[in-house]
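Please build the complex by placing chains B and C on the supplied structure of chain A, with the hints as guidance.
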Amino acid sequence: MLERLKILSELYGVSGDERRVRKYIREQVEPLCDEVYTDRMGNLYAHKKGVGKKVMVCAHMDEVGMIVTGVLDSGLLAFTAAGLDSRAIISKRVVVGKDDVPGVIGSKAIHLQSMQERKTVLQMKDLNVDIGAKNKEDALKYVKPGDYISFTTKFSEMGDGLFKGKALDDRVGCAILIELLKENYDCDFTAVFTVMEEIGLRGAQTAVVNVEPDVALALEGTLCNELPDNSRRKSVTRLNEGAVISFMDGGTIVPESMLNALKDTAAKNDIPWQFRQGTSGANDMGPVHQGLAGCKAGVLSVPCRYIHSPVSIASKSDLDSVYRLAKAFLKESRFKEV
Amino acid sequence: MDMQLMQDIVSVYGPSGREQAASDVIKAYVEPYCDEVYNDVLGNLIAVKKGTSGKKIMFSAHMDQIGLIVLDIDEKGFLYVAPVGGVSPMLSVGHEVMFQNGTRGVVSYENKTKKFTEITMMEVFLDIGSSTKEEAEEKVSIGDIAVFVSNFVMMGKKVAHRTQDDRIACAIVAEALKTMKSEHDIYAVFTVQEEVGTRGAGPAAYVIEPDLNISLDVCSVGDTPESVREHVKLGCGPTVKAKDSSVIVPMSVREFIKNAAKKNNIAVQDEVLRAGGTDTGAVQRTRGGILSGCISIPCRYIHTPVETVDMDDVDAAVKLVIACVEESELPK
Amino acid sequence: MDMVKNITELTSVLGVSGNERAAADVLERLFQKYTSDTWRDPMGNVYARVGSGKPVIMLMAHMDEIGMTVTEIEKNGMLRICPVGGVDSRVLPGSELVVYGKQTLKGVVGCIPPHLLNDSDKSAAYDIYDLTCDVGLSYEKVKEIVSVGDFVTFDNLPPLELKNGFVAGKTFDDRALGAALIEALDILSKRKLNCTVVCVGSTQEELGCLGAAIATYNVKPDMAIATDVCHAPTPGADPQSVVDPSKVSVTTGGNIHPAMYQMIVDAAKELNIPYETSVSMARTGTDAWNIQNQCGGVATGLISLPLRYMHTNVEVISVETLKNCAKILAEVPARIGDDWEDKLCWND
Numbered sequence: 033m034l035e036r037l038k039i040l041s042e043l044y045g046v047s048g049d050e051r052r053v054r055k056y057i058r059e060q061v062e063p064l065c066d067e068v069y070t071d072r073m074g075n076l077y078a079h080k081k082g083v084g085k086k087v088m089v090c091a092h093m094d095e096v097g098m099i100v101t102g103v104l105d106s107g108l109l110a111f112t113a114a115g116l117d118s119r120a121i122i123s124k125r126v127v128v129g130k131d132d133v134p135g136v137i138g139s140k141a142i143h144l145q146s147m148q149e150r151k152t153v154l155q156m157k158d159l160n161v162d163i164g165a166k167n168k169e170d171a172l173k174y175v176k177p178g179d180y181i182s183f184t185t186k187f188s189e190m191g192d193g194l195f196k197g198k199a200l201d202d203r204v205g206c207a208i209l210i211e212l213l214k215e216n217y218d219c220d221f222t223a224v225f226t227v228m229e230e231i232g233l234r235g236a237q238t239a240v241v242n243v244e245p246d247v248a249l250a251l252e253g254t255l256c257n258e259l260p261d262n263s264r265r266k267s268v269t270r271l272n273e274g275a276v277i278s279f280m281d282g283g284t285i286v287p288e289s290m291l292n293a294l295k296d297t298a299a300k301n302d303i304p305w306q307f308r309q310g311t312s313g314a315n316d317m318g319p320v321h322q323g324l325a326g327c328k329a330g331v332l333s334v335p336c337r338y339i340h341s342p343v344s345i346a347s348k349s350d351l352d353s354v355y356r357l358a359k360a361f362l363k364e365s366r367f368k369e370v
Numbered sequence: 444m445d446m447q448l449m450q451d452i453v454s455v456y457g458p459s460g461r462e463q464a465a466s467d468v469i470k471a472y473v474e475p476y477c478d479e480v481y482n483d484v485l486g487n488l489i490a491v492k493k494g495t496s497g498k499k500i501m502f503s504a505h506m507d508q509i510g511l512i513v514l515d516i517d518e519k520g521f522l523y524v525a526p527v528g529g530v531s532p533m534l535s536v537g538h539e540v541m542f543q544n545g546t547r548g549v550v551s552y553e554n555k556t557k558k559f560t561e562i563t564m565m566e567v568f569l570d571i572g573s574s575t576k577e578e579a580e581e582k583v584s585i586g587d588i589a590v591f592v593s594n595f596v597m598m599g600k601k602v603a604h605r606t607q608d609d610r611i612a613c614a615i616v617a618e619a620l621k622t623m624k625s626e627h628d629i630y631a632v633f634t635v636q637e638e639v640g641t642r643g644a645g646p647a648a649y650v651i652e653p654d655l656n657i658s659l660d661v662c663s664v665g666d667t668p669e670s671v672r673e674h675v676k677l678g679c680g681p682t683v684k685a686k687d688s689s690v691i692v693p694m695s696v697r698e699f700i701k702n703a704a705k706k707n708n709i710a711v712q713d714e715v716l717r718a719g720g721t722d723t724g725a726v727q728r729t730r731g732g733i734l735s736g737c738i739s740i741p742c743r744y745i746h747t748p749v750e751t752v753d754m755d756d757v758d759a760a761v762k763l764v765i766a767c768v769e770e771s772e773l774p775k
Numbered sequence: 002m003d004m005v006k007n008i009t010e011l012t013s014v015l016g017v018s019g020n021e022r023a024a025a026d027v028l029e030r031l032f033q034k035y036t037s038d039t040w041r042d043p044m045g046n047v048y049a050r051v052g053s054g055k056p057v058i059m060l061m062a063h064m065d066e067i068g069m070t071v072t073e074i075e076k077n078g079m080l081r082i083c084p085v086g087g088v089d090s091r092v093l094p095g096s097e098l099v100v101y102g103k104q105t106l107k108g109v110v111g112c113i114p115p116h117l118l119n120d121s122d123k124s125a126a127y128d129i130y131d132l133t134c135d136v137g138l139s140y141e142k143v144k145e146i147v148s149v150g151d152f153v154t155f156d157n158l159p160p161l162e163l164k165n166g167f168v169a170g171k172t173f174d175d176r177a178l179g180a181a182l183i184e185a186l187d188i189l190s191k192r193k194l195n196c197t198v199v200c201v202g203s204t205q206e207e208l209g210c211l212g213a214a215i216a217t218y219n220v221k222p223d224m225a226i227a228t229d230v231c232h233a234p235t236p237g238a239d240p241q242s243v244v245d246p247s248k249v250s251v252t253t254g255g256n257i258h259p260a261m262y263q264m265i266v267d268a269a270k271e272l273n274i275p276y277e278t279s280v281s282m283a284r285t286g287t288d289a290w291n292i293q294n295q296c297g298g299v300a301t302g303l304i305s306l307p308l309r310y311m312h313t314n315v316e317v318i319s320v321e322t323l324k325n326c327a328k329i330l331a332e333v334p335a336r337i338g339d340d341w342e343d344k345l346c347w348n349d
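Residue numbers (our numbering), protein chains in the order written: chain A, 33 to 370; chain B, 444 to 775; chain C, 2 to 349.
By construction, these hints were calculated from the structure, which means they are not laboratory data. Everything numeric in this text was worked out from a predicted model, so none of it was measured. One thing to keep in mind: the hints can contain errors.
Unchecked claim - The calculated EDC-like cross-link candidates involving lysine to aspartate or glutamate, where the alpha carbons are at most 16 Å apart (straight line), are:
no.	chain 1	residue 1	chain 2	residue 2
1	B	K498	B	E652
2	C	K142	C	E73
3	A	K295	B	E698
4	C	K144	B	D713
5	C	K103	B	D587
To be verified - Computed footprint of chain C on chain A, listed as stretches where at least three residues anywhere in the stretch have a Cβ under 8 Å from a Cβ of chain C:
no.	stretch
6	45-59
7	64-73
8	209-215
9	225-239
10	290-304
Claimed, not checked - Partner residues are not named here, just some residues of chain C that face chain B (Cβ under 8 Å, in silico):
no.	residue
11	G19
12	A23
13	E145
14	S190
Just so it is clear, CB atoms sit at the ideal spot from N, CA and C, and this is done for glycine as well.
Only chain A is shown next, with the shape it has when bound in the complex:
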């Protein structure tokens, strides 16, 4: 699973431009499913036919990133971003467009800044991507407005049982979901790899209509704000403390039956788990549980430090815990209780 996660993490797939991720996942899951298809939003569905409840498990393919909005006369690229803090993207390497044109996000050298400037936060509109173009005309040979811009962070293991990389939110979910497709379950099972989660939970809104699930589960990479001195509730989750179970977030209140089924499955299988001790942020389950006639939805997450930045850190043991908990929930048909 870790090898596959490395590949997934390093694929470029900014919200709205998930084609590389979709192509890779499609190849991986086609041998494992009865049918694999896309909808007109771009979601990828992997369906294992069965009888009984319709169970849908979602992971989103997209990652935070940027898009070219225009080219300046100097040849620098103007861009906008979704889900990023402008303070965290300066002095990073990027690729632009279909041909992976390399570029960098620069800023005025410290030597040239006034004291006042050093304290001022640079906004997205003050920042540009430099691909080395001579001028606007030259730049337009390589890129065009509408091209997506992605970070190029390499994936690797680090620390004590940890790994780092970009887009862990939510390629960890994608990696686990692919793994889950190797098993068979006593239900009509659809894995949905959704698009555009980061720009407004867009893919999930069509996924729920196309699948009409009775029970839905999201696999996510979530907040883990473990800075020194942060209390447990300020950190929301902790690395190495196991699978994260949500009770409520900005889009969903998890029903008691789902919460109990997940907690109980973890306890029975000796899988470490922790609560997501915060309610901010939302995910695909928000629109899913309210879609059509409604359904029961839950969320399992891998804690990821520094999500929505060019590089995040997560733990192998947590990744494994989420996988085992999701698998046990499905294998033991615990969805029948919710």
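Showing chains B and C alone in chain A's frame:
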């Protein structure tokens, strides 16, 4: 209005997402008067009275209330919380709370960290009388939701309670179900999760597909000293909503409700609510569009522990609900 | 066909978000010149269908306009108002309004004469809640005619033709594009069609594109093109977010299916129509946003007409560019081939 029914319905525990107890109380009251009463997948309570016209009128009143969800329990047994719905930190402090299992507590704040007027939910905690984390964990778990408890304060015709929003509307619909007669199918829907963004009403309407929906909720008033300018006054009748931030009510639906009121000599007020949304909009935008309007109960001090309504408005609202279902012609 | 005449007709009526009936009446009547297959829904959307079979392509322009509603009647007969949609309170003082009560009343938003203001008064922008609409009647008379919840709009003046084919007027956002739908129907009526085209005048766009979602549910299209206005350059505007008024803006980004973008661009190139790509990573703030996510997903495109001074009484557009919008709207469905379904697949 049956005061016992009203008191039972407004007092029962039922924060957003955990409405089952409230649902059970309402169900017991409405079951004798309905053909069918059931909960849907999200927990909405749906009470059906069959008619003969082939048309369906839906009423929606939300049964959830705002609350505080436990995020963390500290070493000394204090509980830190996040809001469920629009809870003001300042208006929480100094109040009594209750959990689903009956555990009681009080709300206070870290008085060294910030001035009272500057506190956020981060500094607010619950004291449930425990001295250690372990002791607290015997009574309450992370993820449990507390609601504010308050007295049922009778002040002549006016009655104050923490949960008039929107249990008073649930009580009105339950009361109206006792005596209403209609040629149409009546779907009284007691909805869930309105306070966290009108999440329950849409799925209910999706399944029911009514020809007309009338939501019932509370609306703010402008008749208290130096209050923000609002047109609606307490005691001048229920309102017929024209607009809130979730919806603009179609003219035909407003006229329908006003005509029913006029025929039955029920005084109503026009309402434009500047801030706040209701289930009205969520239902309107279900499937291919559903005609949707709203009757509001004027209410002072919304989202504080002393939400106050006038029983004349409440009784008139019961009559208005009954008057609406007696109409043969539904709006187009 | 006289486009300015159609714009004049379409903008001469009230259509504040949530009460678009009068505008829908005009649009439906104009639709009916080309097809008798027109209808409405409970949300107030108006539809016109031509052609038959798959695919179904929906073309949409919103009919509603920003406006106000009466919140209170003061003791001296003046009206308090609140905005419906994005009304800039700063353009209100000194404006002439129309109040749609039992009768139509003329109203004026008063402003305090400068003689009575000090410097700090003048430096603060007016807040709509502090302003009043003066209809010149006593409380008793106003009470008989006006109710809380009645709609208020800016006064209607017919469009003003400026130099070089520019026209100024009210509610060109988005009724001008309604005129483009009519012109597109006119073009399509002279061509052979291998698909179904449903033109929709949508409601409540200014409140968050509410009508568009309902219309999409009702039409269940395979593809859709939303139309709206975008900003043309005005002094001080960010050059990255404006489009030259002689060009049709074609949007790309997360809200737009890449194949729809390509079909629109191909149509523009075929017709030698100048266009410019606008980029929107996420929410476009148009009907396109609430079309794409309906019915399990709709391949959605967006074209926009550059306009100066949006949401004022003197919105300025180029009639030539508007005609080009109409040509593109007609060209895309007219060029649909048998391979349409493949084009919409995400063959990565």
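Right, here's what the structure says about each hint:
1. B:K498 / B:E652: Distance of about 10 Å is within 16 Å: holds.
2. C:K142 / C:E73: Answer holds: K142 of chain C to E73 of chain C is near 14 Å, not above 16 Å.
3. A:K295 / B:E698: Judged against 16 Å, a Cα distance of about 52 Å means the pair is violated.
4. C:K144 / B:D713: holds, 12 Å
5. C:K103 / B:D587: Measuring from Cα to Cα gives roughly 53 Å; hence the hint is violated.
6. 45-59: holds (count 7)
7. 64-73: holds (count 4)
8. 209-215: violated (count 0)
9. 225-239: holds (count 6)
10. 290-304: violated (count 0)
11. G19: Nearest chain B Cβ about 3 Å off; hint holds.
12. A23: With a closest approach of 11 Å, the A23 of chain C hint is violated.
13. E145: Not OK, violated: E145 of chain C not within 8 Å of chain B, min 14 Å.
14. S190: Result: violated, 27 Å to nearest chain B Cβ.
The structure shown violates the earlier hints numbered 3, 5, 8, 10, 12, 13 and 14.
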